[in-house]
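Q: If you read the protein sequences in the order shown, they are chains A and B.
In terms of our numbering, the first sequence has 21 at position 28, counting the first letter as 1, and numbering is strictly consecutive.
For our numbering, count along the second sequence from 1 and bump the result up by 18.
There's no promise every hint is true.
What the hints assert, rightly or not - Heads up, simulated DSSO-like pairs for lysine-lysine below, C-alpha to C-alpha not over 27 Å straight-line:
no., chain 1, residue 1, chain 2, residue 2
1, A, 1, B, 82
2, B, 252, A, 27
3, A, 164, A, 113
4, A, 23, B, 198
5, A, 63, B, 82
Keep in mind the hints are simulated off the structure, nothing from the lab.
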Amino acid sequence: MAIYTQKKQIVTPGELLAQGEYYPELNTFKEKDKIYSMIVGLFDYRGNRLSVVPLKHCYIPYVGDLVIGKVVDSGMSGWTVDINSPYSALLPLTEAISRPHSMRKDVEGILRIGDMIKAKVIAFDRTKDPILTIRDRDLGKVTRGKVVKILPSKIPRLIGKKGSMINLLKKVSLCDLTVGQNGVILVMCKSSEAEEAVIDVIRMIEREAHTQGLTDRVSEALRRRIAGTQ
Amino acid sequence: MIKSYPERLIDENGLRLDGRRPDELRPIKLEIGVLGNADGSAYIEQGKNKILVGVYGPREIHPKHAELPNRAVLRCRYRMAPFSTEERKNPAPSRREIEISKVIREALEPAVMSEYYPRTVIDIFIEALQCDGGTRCAGIVAASLALADAGIPMRDLVSSCSAGKAGGEIVLDLFDLEDKYGEADMPVALMVNLNMVTLLQMDGKLNPIEFERAFTMAIEGCRKIRGLQVEALKKRYQGIVEREGTSEFDEEDT
Chain A
-6 MAIYTQKKQI VTPGELLAQG EYYPELNTFK EKDKIYSMIV GLFDYRGNRL
44 SVVPLKHCYI PYVGDLVIGK VVDSGMSGWT VDINSPYSAL LPLTEAISRP
94 HSMRKDVEGI LRIGDMIKAK VIAFDRTKDP ILTIRDRDLG KVTRGKVVKI
144 LPSKIPRLIG KKGSMINLLK KVSLCDLTVG QNGVILVMCK SSEAEEAVID
194 VIRMIEREAH TQGLTDRVSE ALRRRIAGTQ
Chain B
19 MIKSYPERLI DENGLRLDGR RPDELRPIKL EIGVLGNADG SAYIEQGKNK
69 ILVGVYGPRE IHPKHAELPN RAVLRCRYRM APFSTEERKN PAPSRREIEI
119 SKVIREALEP AVMSEYYPRT VIDIFIEALQ CDGGTRCAGI VAASLALADA
169 GIPMRDLVSS CSAGKAGGEI VLDLFDLEDK YGEADMPVAL MVNLNMVTLL
219 QMDGKLNPIE FERAFTMAIE GCRKIRGLQV EALKKRYQGI VEREGTSEFD
269 EEDT
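The shape of chain A in the complex, shown without the other chains (with noise of 0.2 Å):
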């Protein structure tokens, strides 16, 4: 029973991290009774579950995920939409309009190839294409706005502990900033230059998402940015 690093140290693939008994969680794999890493990353445990905080990975789709994608085609059936993930989505017409519907009559003017969407996914299992929905509230054609896109892996940092972060940005920035889980957010204010300095700043968390201290310097960042476009 030992565990070979500790919390917070950056960990390579093959990297033994403990043995004995312990469980493996999070990119961690094991072999016999030992635990190693599977990826680059932010070592961590609690009690005997061991896990490895990503600094890079892609965006796999979870049911229940708001994401934010773009109509790349458009077919009988539905849309297919680019949600920045290995996978491409699929959102049939029956998740677009309230049933009863009129078959593919006016198709075209619900969603065109090029619309960025928000959407829910509603089904996926990695053996078909995850399935997503826009019959809800909030959800559908994004009609203004501008659309940023980052590392997935630092999307927890850009909410922060219990939304801290995010609401920050809401409440400095008096914007309107949606969060999609596949590392695309846009960001909506009332001009386009209060937008860029949204942008910039979200840019900075991502850069720095490892850092300590970095809501301060958001805050002071943020405010110092807002100011001058005023």
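Fit chain B to the known structure of chain A by using the hints.
A: Frame of chain A, contents of chain B only:
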């Protein structure tokens, strides 16, 4: 052009043509994250070898019929630049390049946990910019770093090194002249922590005792290279994590 080839590969002091001892590696320089557009990338300089690797993926596979239902497909392309050798190399993919692409792919496949991303593809592009012997090994070293940089789950890093026989001596990490005029060249790739060999080829002749010695020497070389790989990875990410004292990642999903 008349090329003079060496009379002796090992001098009277037991040193090789480039001044190395028989069990000495060439100096290695590793850099990670050198390409902005690739998901992961790495650059290696090993002696005169210069190799650039880019990794894309996991991403959607085209053509669609090539997908596998249970795991990601690994595609690997090894390519030598036309200016990488003394005589211009025809840029068309040669038999040798296609074969090396295949053996590199097979050397990396056991390490990549491709079952995490079914129906996708991971593309590895290995571009040899300057070649001086042992490029497949250097390519494997850099490719496994580029895969790690892309955030792809792996059982272990793959380290690789060649050993062989030149001028009657068993030597480590052969360079071009030793490869061409020596008796044997044997590239080995190893997952060091799991202690598994993923590539073993041999060109030339070694007797069982010599083979044993060369193999042990190559394994030792792989271990040294793994140390450099880990160091390079940590150096690359330390900057991101520790800009301001210790890191903090107070994450919480919606």
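Q: Please flag the earlier hints that this structure goes against, numbers listed from lowest up.
A: Numbers 1 and 4 - these are the hints that the structure violates, sorted from lowest upward.
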